[in-house]
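Asker: Chain by chain, the residues run as shown.
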Amino acid sequence: MAKNLSEILAWVAETFEAPAEKIRPETRRDEIDAWDSLGILTLMARLDEDFHILLTEEEIQQLRSVEDILNLLRKRGVLGDNE
Amino acid sequence: MRFLFVDRILELEPGKSIEAEHIFSGDEDFFRDHFPGFPVVPGVLLTEMMAQAAGKCLDAEGTGKGKAMLAQIRSASFRDWVRPGSTALITAEIRTSQTQYATATCAVVVNGAKVCTADLLFSFLPLEKFAPDYRDEVLESFLASRQQGKG
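Chains as they are written, first to last, in the numbering used here: chain A, 1 to 83; chain B, 1 to 151.
These aren't lab readings, by the way, just hints derived from the structure by calculation.
Backbone N, C-alpha and C define an ideal beta-carbon position, used for all residues, glycine too.
Do not rely on the hints blindly, as some may be mistaken.
[Said to hold, decoys possible] In silico DMTMM-like cross-links for lysine to aspartate or glutamate, where the CA-CA straight-line distance does not exceed 20 Å:
1. B:Lys16 x A:Asp50
2. B:Lys114 x B:Asp7
3. B:Lys16 x A:Asp48
[To be verified] To list a few chain B residues with every Cβ distance to chain A over 10 Å, as calculated:
4. Phe3
5. Asp7
6. Pro14
7. Lys16
8. Glu19
9. Glu28
10. Ala71
11. Gln72
12. Ala76
13. Arg83
14. Val109
15. Asn111
16. Leu121
17. Ser123
18. Lys129
19. Lys150
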């Protein structure tokens, strides 16, 4: 079942151990302290476990902002198109 | 003090699950400080023990990804004290294992009671990073005995 935007933003915040209020669609990778090499591993593992999404190293490196993660999840049907 | 917290492997399905054992004899140095009059195994060592067991399970796959290294303690709970003389049964179930990472759900059981649990994240380090003569004797011993059993 598709998640809504606030659920996914909370999921992103939890993934990067960031305060929920800091995570908005426009938040860039360099604004999130824990979006480092360990953060990338964590993101990959959680995408896999929670949504069965497997990404290549190249795909994961192309994610530059929270919006990029949202777009990925829209494409994979996790986040509703209208969110 | 050696930093080996898996004495022997009891059951192993490479890349999937493991059951292993470690005995705390009571002679370990850390009991002197943790704590005087109330010696208990530190939670960090129980966590390390689970990581070592899960790591052996991943290493046993032999996929060429490298050696499994603890990258993140995603959660850990300590439910009871582990006292000197305890025999700890360590279990780990690999939840997902990909080229760059793996996750495992682990537990330590003493006298039939689950004393701690943890969800762990692993990354992989190329084997070339380690000493050329580095060997996991516990894992090799288990695999050899299993091979003999088949033969």
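Asker: Taking the hints in turn, state whether each one holds.
Answerer: Cross-check of the supplied hints:
At roughly 19 Å between alpha-carbon atoms, Lys16 of chain B and Asp50 of chain A fall within 20 Å of each other, so this suggested pair holds. About 19 Å separates the Cα atoms of Lys114 of chain B and Asp7 of chain B, which keeps this hinted pair within 20 Å; it holds. Between Lys16 of chain B and Asp48 of chain A the alpha-carbon distance is near 16 Å, which keeps this suggested pair within the 20 Å criterion. With a least CB separation of 22 Å from chain A, Phe3 of chain B remains clear of the 10 Å interface cut-off, as annotated.
For Asp7 of chain B, the requirement that its beta carbon stay farther than 10 Å from each beta carbon of chain A is met, with the minimum near 29 Å. Every CB of chain A is more than 10 Å from the CB of Pro14 of chain B (nearest about 20 Å), matching its label as outside the interface. With a least CB separation of 16 Å from chain A, Lys16 of chain B remains clear of the 10 Å interface cut-off, as annotated. No beta-carbon of chain A comes within 10 Å of the beta-carbon of Glu19 of chain B; the shortest separation is about 23 Å.
Non-interface status of Glu28 of chain B relative to chain A is upheld: no Cβ of that chain comes within 10 Å, the nearest being about 31 Å off. A beta-carbon of chain A is positioned within 10 Å of the beta-carbon of Ala71 of chain B; the least distance is around 6 Å. Consistency note on Gln72 of chain B: stated as away from chain A, yet its beta-carbon is not over 10 Å from all of that chain's, at 6 Å minimum. Ala76 of chain B, annotated as away from the interface, keeps every beta carbon of chain A farther than 10 Å; the closest lies near 15 Å.
Against the 10 Å criterion, Arg83 of chain B stays outside the reach of chain A, whose nearest CB is about 34 Å from its own CB. The claim that Val109 of chain B lies off the interface holds: its Cβ sits roughly 24 Å from the closest Cβ of chain A, which is beyond the 10 Å cut-off. Even its closest Cβ contact with chain A, about 32 Å, leaves Asn111 of chain B beyond 10 Å, as expected for a residue assigned away from the interface. The non-interface label for Leu121 of chain B is inconsistent with chain A: the shortest C-beta to C-beta separation is roughly 6 Å, within 10 Å.
With a least CB separation of 6 Å from chain A, Ser123 of chain B falls inside the 10 Å interface cut-off, contrary to its annotation. Look at Lys129 of chain B: its CB is around 16 Å from the nearest CB on chain A, clear of 10 Å, so calling it non-interface holds up. For Lys150 of chain B, the shortest C-beta to C-beta distance to chain A comes to about 33 Å, beyond the 10 Å cut-off, and the non-interface label holds.
Hints 10, 11, 16, 17 from the list above are not met by this structure, while the remaining hints are.
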